[in-house]
Amino acid sequence: MPPRARGLFGSFKHAYEGLIHTVVNQRNMKVHVVSALLVAMVGSGIVLDLATKATLIFCVLLVFFAEILNTALEALVDLHIDEFDERARVTKDAAAAGVLVLAIGTVAIFAAVIVTHWPLILESGDRVLRQVVVGGPLVALGGLLLWRARRAVWLDVLASVA
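In case it helps, my numbering puts the sequence shown at residues 20 to 181.
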């Protein structure tokens with residue numbers, strides 16, 4: 020095992036590596052990242068008060084946090100078992116359920132924000148349309164780059180440049 024970096028910078032480096040590992044290797048985290056980009060696109064297209072923006076950001080970050088903890092717990096369980104164990108299954112399922120509960124809650128809160136601000140959304144039609152026209156393709160490109168699939172390198176380069 021390589022030596023761990025020391026100090027504050029080393030701690031941040033390891034935290035960053037954990038985040039990147041989770042985003043690159045966990046399908047559900049990729050879904051959460053794309054969902055967060057969609058929330059950001061819609062949220063920036065309408066004028067929301069600070070409390071509403073903070074609530075949406077907090078909800079998205081809670082889902083990220085839960086998915087990262089779920090990934091860590093799954094890795095820890097896998098490290099300690101060599102064959103099927105019912106307790107390991109329950110542990111993993113319970114951790115995944117925690118992420119699911121937070122994700123459903125975040126969707127419910129986002130839906131409540133949309134419903135509550137619907138008249139404002141209709142009034143801001145041009146601004147919302149601009150966000151969708153510009154942000155939609157950016158979210159799609161982000162999703163494309165996140166998904167690991169066999170594709171030509173030039174396609175990844177083209178998506179990155181776009």
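These aren't lab readings, by the way, just hints derived from the structure by calculation.
Hints are not guaranteed to be accurate.
[What the hints assert, rightly or not] Here are the simulated distance ranges between beta carbons:
| # | residue 1 | residue 2 | range |
| --- | --- | --- | --- |
| 1 | A94 | S143 | 39 to 45 Å |
| 2 | V134 | V96 | 37 to 43 Å |
| 3 | I100 | W137 | 34 to 40 Å |
[Stated by the list, open to error] Mimicking BS3-like on lysine-lysine, the simulated pairs with C-alpha atoms at most 25 Å apart in a straight line are:
| # | residue 1 | residue 2 |
| --- | --- | --- |
| 4 | K72 | K49 |
| 5 | K49 | K32 |
| 6 | K32 | K72 |
These numbers come from a predicted model, not from an experiment.
Even glycine gets a Cβ: it sits at the ideal position worked out from N, Cα and C.
Next item on the list: Verify the proposed pairing of K32 with K72, using a straight-line Cα cut of 25 Å.
Entry: violated, 29 Å
Notebook entry, point to check: In this structure, is the beta-carbon distance linking I100 and W137 contained in 34 to 40 Å?
Noted result: Between I100 and W137, where Cβ atoms are some 49 Å apart, the hint is violated.
Checklist line | Hint consistency between K72 and K49 [alpha-carbon to alpha-carbon, up to 25 Å] | finding: Distance of about 22 Å is within 25 Å: holds.
Check: Is it true that the C-beta distance of V134 to V96 lies inside 37 to 43 Å, as the hint says?
Finding: For V134 and V96 the Cβ distance comes to about 39 Å; the hint holds.
Margin query: Within 39 to 45 Å: is that where the Cβ-Cβ distance between A94 and S143 falls?
Written below: Given range 39 to 45 Å: holds, Cβ gap about 44 Å.
Check: Given the proposed pairing of K49 with K32, does the C-alpha separation stay at or below 25 Å?
Finding: Holds, at roughly 21 Å.
In summary, the structure is inconsistent with hints 3 and 6 from the numbered list given earlier, while agreeing with the others.
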